[in-house]
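Peer 1: Single-letter residue listing:
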Amino acid sequence: MSTLGGAPPTAALDGAGVREKGAGRRAKAAGRPARAMAWLRRNLVMIVALLVLVYLFVPIGYTIAFSFNNAGRSNLVWQGFTTKNWTNPCGAPEVCSALVNSLKIGLLATIAATVLGTMVAFALARHRFRGRSATNLLIFLPMATPEVVLGAALLSLFLNVGLEPGFWTIVIAHIMFCVSFVVVTVKARLAGLDPRIEQAAMDLYADEWQTFRRVTLPLAAPGIVAAALLSFALSFDDFIITNFNSGNVTTFPKFVYVSAARGIPAQANVVATTMFVAALLVVLTGQLLSRRRRA
Amino acid sequence: MSVTAVAAGTRAAAGAEGAPEEVRRGRRSTPYLLLLPGMAWLVLFFAVPVFALASLSLQTRVPGAEIGVYTQTFRWANYSDALTEYAPQFIRSFLYAGLATVLCLAIGYPLAYAIALKAGRWRNLMLIAVIAPFFTSFILRTIAWRQVLADSGPVTSTLHTLHLLPAGTSLTASGTAVVAGLTYNFLPFMVLPLYASLERLDPRLIEAAGDLYATAPVGFRRVTLPLSMPGVVAGTLLTFIPASGDYVNAALLGNPSTQMIGNVVDSRFFRIVDYPTAAALSFVLMAAILLLVTFYIRRAGTEELV
Amino acid sequence: MAGRDLRLDGITKTFGSFTAVDGISLDVPSGSFFALLGPSGCGKTTTLRMVAGLERPTRGRILLGDEDITDARPYRRPVNTVFQSYALFPHLDVFENVAFGLRRRRAGDVRAKVAEALELVELGHLARRKPSQLSGGQQQRVALARAVVNRPDVLLLDEPLGALDLKLRRQMQLELKRIQTEVGITFVHVTHDQEEAMTMADTIAVMNAGRIEQLGSPIDLYESPATAYVANFLGQSNLLPAAVADRSGASVLVDVDGGRIAVPADRCRSAGREVLVGVRPEKVQLERGGTPPAGMNSLSGGLVTDASFTGTSTQYVVQLPSGRQLTAFAQNTGRATVLPVGCSVTVCWEAAHTFGLDGAEDAAAGIETPDGPATAVRSGVPDEPTVADESRAQTTSAGRDGSA
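Protein chains in written order, with the numbering used here: chain W, 1 to 295; chain F, 1001 to 1306; chain C, 2001 to 2404.
To be clear, the hints were calculated from the coordinates, so they are not data collected in a lab.
All C-beta atoms, glycine included, are put in the ideal place defined by N, C-alpha and C.
Covered stretches of chain F (in silico footprint by chain W; criterion: 3 or more residues with CB under 8 Å from a CB of chain W, positions within the stretch not fixed):
{"#": "1", "region": "1109 to 1115"}
{"#": "2", "region": "1137 to 1143"}
{"#": "3", "region": "1241 to 1247"}
{"#": "4", "region": "1258 to 1272"}
{"#": "5", "region": "1279 to 1285"}
Whenever a hint applies, use it, and build me the whole structure from the sequences.
Peer 2: Encoded structure:
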């Protein structure tokens, strides 16, 4: 971080003792605040980053805190600490039924999207075929289209065909927008695999199927698992597309949105906190596992 | 592709004995079999619905029939009607989304920079912290902001006391709150691509710049920033596109005068049953987004998308 | 446990318009150590991959004994490969890596065979480690054990020592030679390092632009190179263009740089009027003024322009009156003093050490430049293959042929 044009070198060579003494005194007086300024300048980016992280966690802290609120119907004002919401998570009945719906839909959509998406990822990463550009585009567009448009389009289709929006239309919709994310995730993992490893397997008497089963699949597994987790997360938290295509069925996000007007029960906070902790545990476990595998 | 064709041709011409025809054909059809289920799903439930949307946008209400019954009339005027009536909402959507994107960039870039270049062994932990908000319900997060910024809450009262906010004004139910909500909710979408791009930066390039007499700000402007541009572009697109279509933030944090285009589409589908208008509006939104994406593809090619 | 002989018959491989391997034919006797030597892009790795079954030849046949394995899939060939990047399975430990081939073939007694193979490479104590926990040298030995344990007819090695540092490489060269002798399997070793090839191989094939320039034992190739490319690629040579003066006797007499040189007739590969005369630098002696010893070829009027002391020898560059430069290596026997720069010398060597190449040969062929060795331009080969061409072509083909 050198700068041209610092103090002219002749200052040091100047024989005048007064000049040197003055410079020394100035430096000492400027010492502490200058050092503080320097420390600030060096760590400014990190400080800002940490502030942003705090900002990111404010609503989460709020949500977790208010899951312990001794609230009545409306969980808006702090009325005292209690664990009753945690011990009685289904106290507000709609919460649990909405949660169960979300979990069921999430599971179904994840399985289907992971299978479909992994197959596509393999085709893209390992094979040559015609229509590659069109395929890439068709996979990318759902990720790039606003949810409003996706939801409205699917609803138009269902209306045209005469299909009543309900549980299965939600599942169909979720599979649709999850497939793209699965493809991207798995393809990235496959791209990082050395193709020579598969060639080595064939060189060592493993035919195509055995190579896939014993070498490719185990090595691609972390990517597939990550894709499945991402898929579940996207499905569980989806609101807009679900709202357009759910009819009378309530998922957890839809329940929260609808009850925002009259009052969200604290049990919803409990569910959200649980999901947060669960997800955090999954990610941290994944981190630990990969670190141990590498060690 | 051509290499495959020519090589296959050469081999055939040379008359070299190859594997039985069935084996070769089997291998050539594998990719198509793998692609079929996934792509069929996308065609059926993405491409076709988009056409259904287009078709719906050109229909008109059958006079005298019950609500929700339409007939195909190819009424292109649906579009001009929708645009003239809802132009303010469109402009507002892009304005809010644009503001949110700029704010996300301003806030997110230092964070991404810190994680990529300054975090060292805390890097993974910080990344998890960026993604962690995703793990709670998006709706609950937004509502939490409404509570935090409520008139009776600590933030507003402090700002009132410090006279930073004129007494009597509220932070919630305003355009500001909507933009703030959008910024918050889409921040990770900006940070992650930025991080990916900055992480690939070779720190020795910055050292080289310093060795060649560049001060830190100059080094940033002339080396780091240009090299992180792909991340900036990706993050901008990933933030602006969903933000412009969002309506949850506007519904929860705004008021009727802050309606975005998503709110209009939602209300036209479910409250005031007017499918063609809603469809037309959705389509215009999609067309605008597609224009942006096309521009991006021109520069980066399709392989970079997926 | 005698394996079968390997034979390549007119093997050609083209990628589109680019010919990587151009009609290679060779015989590798069972149990020998065979080296394919050449610079990057000469087609040696492609040839190896065709023997392994990872590429399909465009033309030609590959035979093991009497069996034509040209179109057999890799997993049906009794041939195993040690890859340049080792290609160990990261999700399996060392034991399972080595056992992989045995398990796929349902061989019996896996435990004993794996233990024996690991003993051979001296890694028995690391059987349960994962590849990521091993050093480069250890990974390389696991890759070797993984191939050897299957007792293939032919073991292919694709520049396996490339990633190792110098001392380790020397050690491994001797190790490989010892293992090959002990196990008796045919080794086909691909390398660009000519010292490595000469150290380890019984027979070397020098490749250039998809063709074999010369095939023979290391001594034959070194002392009697057939082309300028081989003369320059293996070690160093002094090559001087000369004109034939007299072919009558047991030696061909040629005029070069104002002097008369004798080339033994059986070491002269030129039939015409021009000859490219060659002599290895270590055969060249520098005499300070005066008369050279009798019976030796000599060129007078040389001027030492550079003297580099390398420890084991001093390498001199001598400029002849014509402007041409000769290199001479003087072994550091401790007896002679280093000649100073600017010293006048007479260059001389024993006539029997001279070799003569075809006069049309390009004296610069095979010399390493910063961009890689200069390859001789031959008719029929459209472009010079570059490393990028070959690796791009290999990726293209790998995508087609190597798909799981």
